[in-house]
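Asker: Chains as they are written, first to last, in the numbering used here: chain A, 1 to 223; chain B, 1 to 223.
Given that identical chains are not distinguished, each listed pair holds provided it fits within a single copy or across any two copies.
The list that follows gives simulated cross-link-like pairs (lysine to aspartate or glutamate, EDC-like), each with its CA atoms no further than 20 Å apart:
id	residue 1	residue 2
1	K52	D205
2	K67	D205
3	K52	E204
4	K67	D211
5	K87	E204
6	K133	E204
7	K87	D62
8	K177	E167
9	K52	E104
10	K87	D97
11	K49	E104
12	K67	D78
13	K87	E63
14	K87	D56
15	K15	D205
16	K133	D155
17	K20	E63
18	K87	D205
19	K87	E58
20	K20	D143
Keep in mind that the hints were calculated from the coordinates and are not lab data.
2 protein chains.
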Amino acid sequence: METYTHFQEQLEELKQNLLKMATLVEGTIHEAVQSLVQRDSQLAEDTFKREKQINDMEIAIDEMCLKLLALRQPMAIDLRFITSAMKIITDLERMGDQAVNIAERAISLNQEPQLKPYIDIPRMAEITESMVKDVLDAFVNRDSKLARSVCERDDLVDGLNDQVVRELLTYMMSDPKTISRAVHLMIVCRCLERIADHATNIAEDVIFMVDALVIKHHADVKE
Amino acid sequence: METYTHFQEQLEELKQNLLKMATLVEGTIHEAVQSLVQRDSQLAEDTFKREKQINDMEIAIDEMCLKLLALRQPMAIDLRFITSAMKIITDLERMGDQAVNIAERAISLNQEPQLKPYIDIPRMAEITESMVKDVLDAFVNRDSKLARSVCERDDLVDGLNDQVVRELLTYMMSDPKTISRAVHLMIVCRCLERIADHATNIAEDVIFMVDALVIKHHADVKE
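Work out the full structure, taking the sequences as your base and the hints as a guide.
Answerer: The following block contains the structure:
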């Protein structure tokens with residue numbers, strides 16, 4: 001039993017590390033968007049440093065998962081949990097890449113006059129950050145209801161994105177001098193949309209995993 | 001020994017399935033871009049069907065990997081191979097999503113007069129398709145040299161993308177009526193760029209995996 005308990009402790013440690021990585025990613029997205037909103041390119045530079053930490057965490061957690069698989073040879077539910085964790089950290093790492101893209105665009109945009117007040121973009125960022133946080137909570141707690149609410153929020157992000165793109169197109173059509181800045185802002189929106197997509201991908205996996213367990217459980221009960 | 005041989009056969013089957021999935025993805029990207037180039041929206045509809053096949057293949061291969069992990073409890077090198085395969089199929093599936101995005105834009109663009117001759121975009125697509133093919137070959141053959149050539153091609157794709165974006169900006173600035181089509185085309189380019197990024201991500205993992213094996217091997221020899 002002691003070995004079993006030790007394994008459970010390691011799984012718990014894995015969960016804590018996943019949550020830590022998600023918090024770091026959430027903070028990095030926030031920082032990247034703030035570097036745009038506050039027109040503070042130093043914040044953008046900080047984003048690049050944080051992204052390196054995210055990459056290091058990915059490698060460390062990946063190693064941890066491999067060790068758990070190799071040494072513990074877990075079965076069924078734990079096996080699925082660990083392999084899902086390995087996929088999730090890849091998603092988190094790529095969200096970090098998107099945050100870097102946002103920060104790079106912010107640096108360019110901060111060198112020119114502000115095209116328009118930033119209202120929808122921080123709102124998109126706020127929803128996206130909440131998706132990152134909640135989808136990891138949903139994963140570690142196997143909470144498919146919370147995962148479903150993450151999928152629903154993806155539609156809000158897409159809706160806001162469409163709205164901003166339409167608005168930016170209007171700017172571009174009425175004044176060609178705005179085109180370059182408008183394209184930068186469109187790409188910022190697309191990065192946020194992509195982060196939300198990553199969160200939604202994870203959420204779908206969580207739903208799949210939890211529902212498969214439910215179906216499996218029902219099948220077991222019938223047997 | 002028979003069990004060992006059977007395990008090797010199953011690994012071989014996994015490799016074949018990965019290559020098949022990559023071929024399907026490559027074909028889907030090609031089809032999506034052709035639906036734009038040939039202005040054939042029926043081809044775009046076919047892309048949507050193919051993408052469903054890609055999704056099914058992802059689930060089937062994922063299950064296969066889980067079974068291999070659960071029943072075979074592979075060690076070290078095979079373990080890393082299987083967990084990498086599970087990540088790679090996620091990348092392949094998302095490349096399929098990008099192909100669908102391209103096909104959707106093609107349908108919109110095909111309803112309007114063609115903005116410009118499509119020369120760089122098919123070229124980008126061609127390089128990107130070769131990256132998808134080669135990175136999977138690099139993975140199953142543990143060929144880090146080929147993986148490095150995939151990473152190098154990513155710069156070509158980025159270069160072409162920058163070129164197309166600059167050209168499209170010129171169109172937009174000189175004639176606002178082109179803006180909506182130009183934005184669609186920019187997004188097509190970005191989808192191709194993202195597919196190339198996925199291939200590059202896989203290539204980096206292959207290099208990491210093979211080099212780690214080399215380093216490990218050197219360490220073993222020294223012991």
